[in-house]
Amino acid sequence: MIEIKGLNKAFGEKRILKDITVTIKEGELFSVIGPSGIGKSTFIKCLIRLLRPDSGQIIVDGQDIASTRSEFTLAKVRRSFGYLFQEGALFDSLTVLENVAFGLKYLTDIPKSEFPKIVKAKLALVGLKDVENLKPSELSVGMKKRVSLARSIAAEPKYILYDEPTTGLDPVTTGMVKDLITDMRAKLGITSVVVTHDMKLALDISSRVAMLSKGEFVEVSEPDKFRLSANAEVREFMRISHLSRVRQNTCD
Amino acid sequence: MKYCLTEKIGGEFIALTQALGSAALMLRSVFFWFFRSKLEVHETVKQCVSIGVDSVTVTALTSFFTGMVLSLQTGNSSKNLFNEPLYIGTMVAFTMLKELGPVLTSIVVAGRAGAVVTAEIGTMAVTEQIDALYTLGTNPTRYLLVPRYIAFMVMLPLLTVLADFLGILGGALVGVVRLGIPTSVFMNDIYTYVEIGDFMHGFLKTFAFAFMIATVSCYKGMNTRGGAEGVGKATTEAVVASMVLVMVIDYFISAILVAVGI
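Same order as they appear, the protein sequences are chains A and B. For the first sequence, position 71 (counting from the first letter as 1) is numbered 71 according to the working numbering, and the numbering increases by one without interruption. For the second sequence, position 237 (counting from the first letter as 1) is numbered 237 according to the working numbering, and the numbering increases by one without interruption.
A few of these clues could be false.
Heads up, simulated BS3-like pairs for lysine-lysine below, C-alpha to C-alpha not over 27 Å straight-line [said to hold, decoys possible]:
| hint | chain 1 | residue 1 | chain 2 | residue 2 |
| --- | --- | --- | --- | --- |
| 1 | A | K14 | B | K8 |
| 2 | A | K105 | B | K46 |
| 3 | A | K76 | B | K38 |
| 4 | A | K105 | B | K8 |
Simulated from the structure, these hints should not be mistaken for lab results.
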C-alpha cells in the first residue's frame, strides 16, 4: 500500500503539487490524468523518490521514503517498484538483452545463466521476438517502449509506475500495452499507478481515476462515477478529450 | 544599473557556491560508493579502454612531436648562444618529465576523454537513463562515476609515462639526426643530470589532474539539463574548465613539490 500525505513539491516559485493526500491500495490500478505539463510525471517521480518532495509523507509498506536520507532504505524500497519511463530511458550502450536483464542482475538473485530465457519470455509478453541483440538506436519508438516495459516487469515488482505508457504508440500497440497493464494487475495482483493524458485509457483500465489540476487532485473516484463528475475541470477535460478522439477517428 | 550589477555579481557568487557544494556532495558520494560497494569490473575495464587506450594515439603523436620541436628550438637557440647544441638531452628530459609530459597529456585527455564522459553522462541525464538506474536497483554514482574516476586515476599516469618516453625519443631523434648530437652524448646528458625525483615530480601531478578532470567531467554530465543543446553546452564547459584548471593546479602543485624538494 502506498499512502501519500500532504505531498508538496515546487520548482522555484512554481508550486507543482499542493498538499496531495491519497492512498493507493494493494492490487489497485490508480490512474492520474490531466493535461501535459500539469505535474503528473512530478507526482509519479516523487512516489519513488526520483524527486524529493518539499514536504509531506510517502509511506510505502509502512516505510516513509519522503524524508529519508538513507541510500540503502531508498534502494530497498525501490526494489519493489518497476517504472516505465515516458521515452523508454533504455541504456544506449547496452543491447536489448542487457537492458531487460539489467534489473534481474541488480534486483534479484537469479543466476546469470537464466537471464536469456527470462528476457526472451518478457519480450514475448510485450510482443517482441529476435530483438535481443539489437541496440536501442536500431528500434522504433514503439519497440523501445515495449522493451522498456519488458525491463520494468522483468524482476516482477510489487508496484509498477507507468509514465504515459501509450504516448507515441500506434493503435495496435496501444491496445497491447493496455491489455498488458490490466493483465499485470489481474494475473499477478501488481499494484499499478498510471499517469496519462489519455482519458479513454484511464477510464477503461483503472479501478480509480484522479484528475490533477493546478497541483491538486480535483476529483478521485471510480471510472463510472468519474464519468458523471460534476467538477467543471473534469467535465471540460473529458469534453476536449472526446472531441480530440472524434477528430482523430475522422482523420483516420 | 548599480543594483543590477550587484544583483548579477551576487547571483554568480550564489551559483558558484551552489556548484561547489553540489560537487562536494558528489565527491562524498563517490568516496562512499568506492569503499562501500562491489566494484563494477566490466564497466571499469570498459572505461579504462575508452579513457586510456583510445587516447594512446593522440597522446603519442602530441608528445612525440612536442619532444621533436623542443629539441629543435633549444638546439638552435643553444647554437646561436654557444655555437653548439649543449645539454639538449637534459633540457628535453627535464621539460618533458616535469611539465610537458603531464600537462599536455592531461589537456589531451581532458579534451578527448573528458568530453566523452560529460557527453555520455549528460545524454543519460536528459533522457532519464540516470533515473532508470535508480529504479533498477543501481546507484548512478556506483555504476557510472566510480568506474570513470578509477579509469582516469589509473590511465592518465600511465599515458603520462608513455608521453614522457615518446617525447624524449622525439627529442633524441631531432637531436641526433638534425642537430648532429651523438646518441651517447644525448643519453649521457639525461643520465648525468636527470634524477628519479624529476620523473616523480611530473608523475605525482597527474593524479591531481586526473582527479580534477574526472570531477569536472562527471559533475557537468550529471548536472546537464535542456536536451541536446544542454549536452553540447555542458561538454564545452567541462573541457574548458578542465583545461584551465590543469594549468592553475599545475602551478600550485609544482610550487608545493618544489618546496618539499621533489
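Okay, the hints, checked on the actual structure:
The suggested pairing of A/K14 with B/K8 holds, with an alpha-carbon distance near 22 Å, which does not exceed 27 Å. Between the alpha carbons of A/K105 and B/K46 the distance comes to roughly 18 Å, so the proposed pair stays at or under 27 Å and holds. For the hint linking A/K76 to B/K38, the alpha-carbon distance of about 17 Å falls within 27 Å, and the restraint holds. At roughly 49 Å between alpha-carbon atoms, A/K105 and B/K8 are farther apart than 27 Å, so this suggested pair is violated.
Of the numbered hints listed earlier, the single one contradicted by the structure is hint 4.
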